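The primary structure of each chain is shown beneath.
Number of protein chains: 4
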Amino acid sequence: MKHIDLNCDMGESFGAYTIGMDTEVMNHITSANIACGFHAGDPLVMDKTVKLAQQKKVGIGAHPGYPDLLGFGRRHMACLETEIQQYVIYQVGGLQGFCRAYGAKMQHVKPHGALYLDAVENDTVARGVADGILAVDPDLLFVALAGKKGETMRRMGAQTGLKVVYEAFPDRAYTPEGTLVSRKHPGAVISDPDEVARRALDMANGYVIAIDGTRIDLEVHSLCVHGDNPAAVDLVKNIRQTLEASGIRVIPMGETSP
Amino acid sequence: MKHIDLNCDMGESFGAYTIGMDTEVMNHITSANIACGFHAGDPLVMDKTVKLAQQKKVGIGAHPGYPDLLGFGRRHMACLETEIQQYVIYQVGGLQGFCRAYGAKMQHVKPHGALYLDAVENDTVARGVADGILAVDPDLLFVALAGKKGETMRRMGAQTGLKVVYEAFPDRAYTPEGTLVSRKHPGAVISDPDEVARRALDMANGYVIAIDGTRIDLEVHSLCVHGDNPAAVDLVKNIRQTLEASGIRVIPMGETSP
Amino acid sequence: MKHIDLNCDMGESFGAYTIGMDTEVMNHITSANIACGFHAGDPLVMDKTVKLAQQKKVGIGAHPGYPDLLGFGRRHMACLETEIQQYVIYQVGGLQGFCRAYGAKMQHVKPHGALYLDAVENDTVARGVADGILAVDPDLLFVALAGKKGETMRRMGAQTGLKVVYEAFPDRAYTPEGTLVSRKHPGAVISDPDEVARRALDMANGYVIAIDGTRIDLEVHSLCVHGDNPAAVDLVKNIRQTLEASGIRVIPMGETSP
Amino acid sequence: MKHIDLNCDMGESFGAYTIGMDTEVMNHITSANIACGFHAGDPLVMDKTVKLAQQKKVGIGAHPGYPDLLGFGRRHMACLETEIQQYVIYQVGGLQGFCRAYGAKMQHVKPHGALYLDAVENDTVARGVADGILAVDPDLLFVALAGKKGETMRRMGAQTGLKVVYEAFPDRAYTPEGTLVSRKHPGAVISDPDEVARRALDMANGYVIAIDGTRIDLEVHSLCVHGDNPAAVDLVKNIRQTLEASGIRVIPMGETSP
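Residue numbers (my numbering), protein chains in the order written: chain A, 25 to 282; chain B, 25 to 282; chain C, 25 to 282; chain D, 25 to 282.
Hints listed in this document are in silico derivations from the structure and should not be mistaken for laboratory results.
Keep in mind that this is a model prediction, so the values were computed, not measured.
The reader is advised that the hints may include incorrect statements.
Each pair may be met inside one copy or between any two copies, as identical chains are not told apart.
What the hints assert, rightly or not - Okay, derived cross-link-like pairs now, DSBU-like style, lysine-lysine, Cα gap no bigger than 30 Å in a straight line:
{"no.": "1", "residue 1": "Lys75", "residue 2": "Lys208"}
{"no.": "2", "residue 1": "Lys187", "residue 2": "Lys75"}
{"no.": "3", "residue 1": "Lys261", "residue 2": "Lys173"}
{"no.": "4", "residue 1": "Lys172", "residue 2": "Lys187"}
{"no.": "5", "residue 1": "Lys187", "residue 2": "Lys129"}
{"no.": "6", "residue 1": "Lys129", "residue 2": "Lys75"}
Please build the complete structure, drawing on both the sequences and the hints.
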């Protein structure tokens, strides 16, 4: 029986500020990427989010980012490899504190925003992230981009010795080469819920229909979904139902990791 | 054979900014209280400081503070007990990341600055700190103020289930009641190196000469020393030599913890 | 013809985080207290908010707070008078930059959250705030608490040489002594929109009905309203309509300042 | 009679952290670039530094940087032009607050670290900085890199309508094309005090000897010097004495601005 994981960014609130509908989304996903206080999140939010994930049996992951709360971690920063490594160690360690407080085991790490994009483009960034993860706990899964574009990031993770989880984006168009269509192009983001759910199912079955209609193979272990607004929550629910109705088991990446 | 620990605040540099002569001081102390990024310290500094402590066989401790880099954690902030607990979990967790990176075991936690002073004065603050420590690792030692004034802080630590280490300040005058003389009073801080070393020896022997000349009992497991400038480093060296010349073993608190 | 000002906290968003319905509320108020980047707000938000206020002919004010984004400036911090003064200078100066960019004149300053509450309780805090305002521009109005409780804060402003604007809270119950009923007591916050609007009208007429039914005099120049959610916006609209329907002119404090 | 300005970064301390020997250096320079709280500096430091510059009749300038205290503003951040503009408005405004507090007139703005380097390389960054300055005060001088490499930065300043001051680095080697030799190459930084002073004199006379021995023309209004350590302070003193002994007037850029 086939299976897939649904991962979502969680715990992005900060102090008096709220982002995301974590309580609702946590009912539908299987892995939570929890912000660790650099680009979003704070100790109270981390505590609450780890507790909630633990209750809902959702796999707990760290979501480290650049030290840029003002830019929500979405801006490239020219950090050295060693800086990246140590920023990751600190953030993963911080979240480990809350895992230990709840007797939970951390499952994975996925870099956030510009740190993720830089890890896709740049092998020293990818290695910095992977080395940081390894230093804290070699059993942590490293979530990296599926498809051709993600090869560098995944190779760095694998070379470091980490188990690498391939993730894809059901709401994003793919080129015939298996890379994401840039957000600058029309049609890059797919908003029709049924279309997104159908693409999620394709991905769980190992392929995706590219923007030119070609069917291309895509090895995928986890699907990245969003939970920022009510429509997004409905979308996640719809994806999950579609997958399960088609006989795909939706389970945390840690239960089936490569 | 008697023994005592020498603890010192370490890793208080931040980015381009340097505070402390860590490399020199680390040769003379037995326990390092390492700042965790809230009031001082950053991931690179934490990494470097944990590594150095590990090399020098100095006991590694977390030194969590209020989230006030601008005030160096020296200003009281009206935080809730739960906020304090979670700030401690995050900071201790962050430092744990670096301990794990170097295969080191964290030995203790000592709150910093205003958080320490508030824990002395206020049982909810003390409990917040102790609960935070316990949540991450119940084997961590809780460093609290020796003497009458420290009773609340120590009781909260003990009630939580932590082992409590009593610390005293050889360069500070004590009242006949066994509390620190306020810094506002003349003679509160003792600067003569030989006097400080002699007081350190008294403390290792279980007593201190109060400001009025009375000899009072004081149970002490660790002496807090400073490493901000060359004179301070000489002072630490002098304290250690005086103790060892008098047959006191100077060893990390973790090797002899109560 | 009588007149009153309606002031509201604005510009409290930060980076990717949104608080407040500024665009809607700005249609109904006459003075905006704009966060300056310490407890909330950032340069982009300040720019946008000053521009919006300028367009809507709403009086522009600085809303300085403690340097505590994590606590949204709601936590007391033990700052020295000189620190408070200089934090105010910096924040008011920062907002002045945007006023100058839009050719706008800053009208007033009102401290935020815990800084406001501390200024009410403590004359050194009040003096720090007032001295900071005076240093940047002696023509700025100082918004302080109306009623008996606000005497210290207002006296410090007046002694400094600033014009002081008295503000009251139509959605808060008052004691017969003319002080706010603590939020801990039932009935402290009034939520019925018509009741709040009626109280706003009473205040514009120079009195308030205390929680025990007594009518007490209250000199008020400005009413503090809120804009956090759709119900709050409706409340503001209702207050304004009630005031204007009763022949009270609702105009910026700067046009009628004492 | 020829003249030149000596500018130096000042006010880079933060909270308990000290960088720079401001009190000493301020005796020898004619223009101070004062950090504004983003990459360095805080309100207390800004206050103290503006006051000191005012006392010593040193021209006061803002030294805005990227919002990266952890990286001391030395790391490139991918900010939008509008973000840069508004970060500059806020920081210049903040420093204006202290100028007003001391009745001082701000003279110039010079971007710091990576923001300066990005403005040299990238016209949208240079325009963002220049537009930010213009928005606050069109009389402020814009300090930009002299020589061929600085053409873009200077053109953006001039197009905006600002008066542009050309600065050169007497302790840095220049290529025959009039650009700075990269720090990665040997000989890029000149440390011999007499050599640096002689180069400062050449620059005041409108030329520099390039690394290959060629004499090239270089239009220069201000020389950038450093004040981080005792040797640097001696160097500044030496530069000033050499210039004055050769009949060059050393005066603030604002007194002679182009």
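Exercise for review: List, from low to high, the hint numbers that the structure doesn't satisfy.
Suggested key: Structure breaks no hint.
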